[in-house]
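K.L.:
If you use our numbering, the sequence shown corresponds to residues 5 to 263, in order.
Worth flagging that the hints you see were computed from the coordinates, not collected in a lab. Note that this is a predicted model, so its numbers are computed, not measured. Worth double-checking, as some hints may not be accurate.
Mimicking SDA-like on lysine to any residue, the simulated pairs with C-alpha atoms at most 20 Å apart in a straight line are [to be verified]:
1. Lys-213 - Glu-191
2. Lys-147 - Glu-191
3. Lys-117 - Gly-103
4. Lys-10 - Arg-56
5. Lys-135 - Arg-88
6. Lys-147 - Ala-161
7. Lys-10 - Arg-88
8. Lys-147 - Leu-167
9. Lys-147 - Met-224
10. Lys-147 - Glu-216
11. Lys-147 - Arg-223
12. Lys-54 - Thr-194
13. Lys-213 - Leu-196
14. Lys-147 - Ala-165
15. Lys-210 - Leu-263
16. Lys-147 - Trp-200
17. Lys-212 - Gln-153
18. Lys-210 - Arg-198
19. Lys-147 - Ala-98
20. Lys-147 - Asn-99
21. Lys-117 - Ala-98
22. Lys-117 - Gly-107
23. Lys-10 - Arg-61
24. Lys-135 - Gly-247
25. Lys-147 - Gly-118
26. Lys-135 - Ala-242
27. Lys-147 - Asp-100
28. Lys-210 - Met-224
29. Lys-135 - Arg-84
30. Lys-117 - Ala-168
31. Lys-10 - Glu-63
32. Lys-210 - Asn-99
33. Lys-210 - Glu-191
34. Lys-10 - His-86
35. Lys-117 - Thr-148
36. Lys-117 - Leu-196
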Amino acid sequence: MDLELKDKVILISGGAVGIGAAISEACAREGAIPVMVNRDSAAASGFAEKLRGEGFRSELLTVDLQTPDDCRLAVEDTLRLHGRIDGLVNNAGANDSIGLEHGDPERFLRSLKGNLWHYYSLCHYALPALKQSCGAVVNISSKTAVTGQGNTSGYAAAKGAQLALTREWAVELLPYGIRVNAVVPAEVMTPLYRRWLSGYPDAEEKLKKITERIPLGQRMTEAGEIANTVVFLLSPRAGHTTGQHLYVDGGYVHLDRAL
5 MDLELKDKVI LISGGAVGIG AAISEACARE GAIPVMVNRD SAAASGFAEK LRGEGFRSEL
65 LTVDLQTPDD CRLAVEDTLR LHGRIDGLVN NAGANDSIGL EHGDPERFLR SLKGNLWHYY
125 SLCHYALPAL KQSCGAVVNI SSKTAVTGQG NTSGYAAAKG AQLALTREWA VELLPYGIRV
185 NAVVPAEVMT PLYRRWLSGY PDAEEKLKKI TERIPLGQRM TEAGEIANTV VFLLSPRAGH
245 TTGQHLYVDG GYVHLDRAL
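With the hints as constraints, model all of the structure from the sequences given.
P.N.:
The following block contains the structure:
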């Protein structure tokens with residue numbers, strides 16, 4: 005199926021590592037131009053070189069997205085380079101384990117800043133360009149927003165807010181024909197996830213217990229499976245889909261995990 009994304013410019017936060025990298029590659033393979041916004045790292049640079057080496061058009065903007073000005077500059081640089089923005093994927097963030105009992109209010113606020121503020125700021129600054137292109141927005145949330153996990157109040161609060169903003173923006177942007185949807189992963193093996201897993205002395209046993217609770221296939225979701233859903237939502241093929249929370253999780257959230 006032709007997703008009609010050829011030459012479309014897609015701004016993707018955290019687009020050069022983990023799930024974001026899979027989204028960028030999927031966009032590139034559809035003929036789109038992913039503009040990946042990442043903090044400077046060897047992994048991000050290496051992925052950008054990989055895409056270029058395979059002949060795909062892409063951009064890597066090394067911005068940390070810690071302030072609204074960072075987000076504004078990322079949007080301005082995208083427009084300077086390509087003159088348009090056809091889609092925005094809010095993806096960057098990390099489960100930083102800021103809990104209630106063992107956290108504190110200052111760290112909680114920092115967690116919200118690191119996982120939520122740039123979703124709003126990027127969309128705010130990209131909105132004029134998205135209005136011109138009648139573009140689409142996809143927010144990457146997490147199952148922690150609806151299931152809880154324990155010891156991660158900041159991350160769960162940010163992910164829940166992302167789902168609320170998805171519906172709020174979908175309503176506000178209806179007059180412009182801008183579609184806004186969210187994708188909700190559960191257990192996906194990314195470098196950050198692997199790092200978290202390695203903190204357990206019995207990492208393999210821990211992984212086995214996790215995968216046993218995923219109903220469909222008792223396996224982790226692949227980053228490419230998240231990416232395929234995101235790319236479809238960005239495309240005109242999803243032209244009447246907005247305000248939706250799509251769970252790409254092997255049934256983790258909605259099916260009985262004892263199956």
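K.L.:
Does each hint fit the structure? Answer for all of them.
P.N.:
Going through the hints against the structure:
Under the criterion of a C-alpha separation no larger than 20 Å, the hint pairing Lys-213 with Glu-191 is consistent with the structure, at around 12 Å. As the CA atoms of Lys-147 and Glu-191 are separated by approximately 9 Å, the hinted pair is consistent with the 20 Å bound. Of the pairs offered as hints, the one joining Lys-117 and Gly-103 holds, with about 15 Å between alpha carbons and a cut-off of 20 Å not exceeded. With a C-alpha separation of about 17 Å, the suggested pair Lys-10 and Arg-56 falls inside the 20 Å cut-off, and the hint holds.
Between Lys-135 and Arg-88 the CA atoms are separated by roughly 10 Å; this keeps the pair inside 20 Å, and the hint holds. Note on Lys-147 and Ala-161: the hinted pairing holds, with a Cα-Cα distance of about 11 Å set against a maximum of 20 Å. In summary, the hint linking Lys-10 to Arg-88 is supported, as the alpha carbons are separated by about 13 Å, within the 20 Å threshold. A C-alpha spacing of about 10 Å is found between Lys-147 and Leu-167, which places the hinted pair at or below 20 Å, so the restraint holds.
As the CA atoms of Lys-147 and Met-224 are separated by approximately 13 Å, the hinted pair is consistent with the 20 Å bound. At most 20 Å may separate the alpha-carbon atoms for a hinted pair to count; Lys-147 and Glu-216 meet this at roughly 17 Å. Between Lys-147 and Arg-223 the alpha-carbon distance is near 16 Å, which keeps this suggested pair within the 20 Å criterion. At roughly 18 Å between alpha-carbon atoms, Lys-54 and Thr-194 fall within 20 Å of each other, so this suggested pair holds.
Our distance criterion of 20 Å between C-alpha atoms is met by Lys-213 and Leu-196, whose separation comes to about 19 Å. At roughly 12 Å between alpha-carbon atoms, Lys-147 and Ala-165 fall within 20 Å of each other, so this suggested pair holds. With a C-alpha separation of about 19 Å, the suggested pair Lys-210 and Leu-263 falls inside the 20 Å cut-off, and the hint holds. Between Lys-147 and Trp-200 the alpha-carbon distance is near 17 Å, which keeps this suggested pair within the 20 Å criterion.
Our distance criterion of 20 Å between C-alpha atoms is met by Lys-212 and Gln-153, whose separation comes to about 18 Å. As the CA atoms of Lys-210 and Arg-198 are separated by approximately 11 Å, the hinted pair is consistent with the 20 Å bound. Taking the CA atoms of Lys-147 and Ala-98, the gap is near 13 Å; set against the 20 Å cutoff, the hint holds. Under the criterion of a C-alpha separation no larger than 20 Å, the hint pairing Lys-147 with Asn-99 is consistent with the structure, at around 12 Å.
With a CA separation close to 11 Å, the supplied pair Lys-117 and Ala-98 stays within the 20 Å bound. Restraint check: the Cα-Cα separation between Lys-117 and Gly-107 comes to about 15 Å, which is no more than 20 Å; the hinted pair holds. Proposed proximity of Lys-10 and Arg-61 is supported: the alpha carbons are some 11 Å apart, at most 20 Å. The hinted pair formed by Lys-135 and Gly-247 meets the criterion: a straight-line CA distance of about 17 Å does not exceed 20 Å.
Between Lys-147 and Gly-118 the CA atoms are separated by roughly 18 Å; this keeps the pair inside 20 Å, and the hint holds. A threshold of 20 Å between alpha carbons decides the hint, and for Lys-135 with Ala-242 the separation of about 17 Å falls inside it, so the pair holds. Straight-line distance between C-alpha atoms of Lys-147 and Asp-100 comes to about 15 Å, which keeps the hinted pair within the 20 Å bound. The hinted pair formed by Lys-210 and Met-224 meets the criterion: a straight-line CA distance of about 13 Å does not exceed 20 Å.
The hinted pair formed by Lys-135 and Arg-84 meets the criterion: a straight-line CA distance of about 17 Å does not exceed 20 Å. For the hint pairing Lys-117 with Ala-168, the CA-to-CA distance comes to about 16 Å; that is within 20 Å, so the pair holds. For the proposed pair Lys-10 and Glu-63, the alpha carbon gap of about 16 Å is at most 20 Å, so the pair holds. In summary, the hint linking Lys-210 to Asn-99 is supported, as the alpha carbons are separated by about 18 Å, within the 20 Å threshold.
Distance check on the hinted pair: Lys-210 and Glu-191 sit about 13 Å apart at the alpha-carbon level, within 20 Å; holds. Distance check on the hinted pair: Lys-10 and His-86 sit about 14 Å apart at the alpha-carbon level, within 20 Å; holds. Restraint check: the Cα-Cα separation between Lys-117 and Thr-148 comes to about 17 Å, which is no more than 20 Å; the hinted pair holds. About 19 Å separates the Cα atoms of Lys-117 and Leu-196, which keeps this hinted pair within 20 Å; it holds.
Violated hints are absent here; each numbered hint is respected by the structure.
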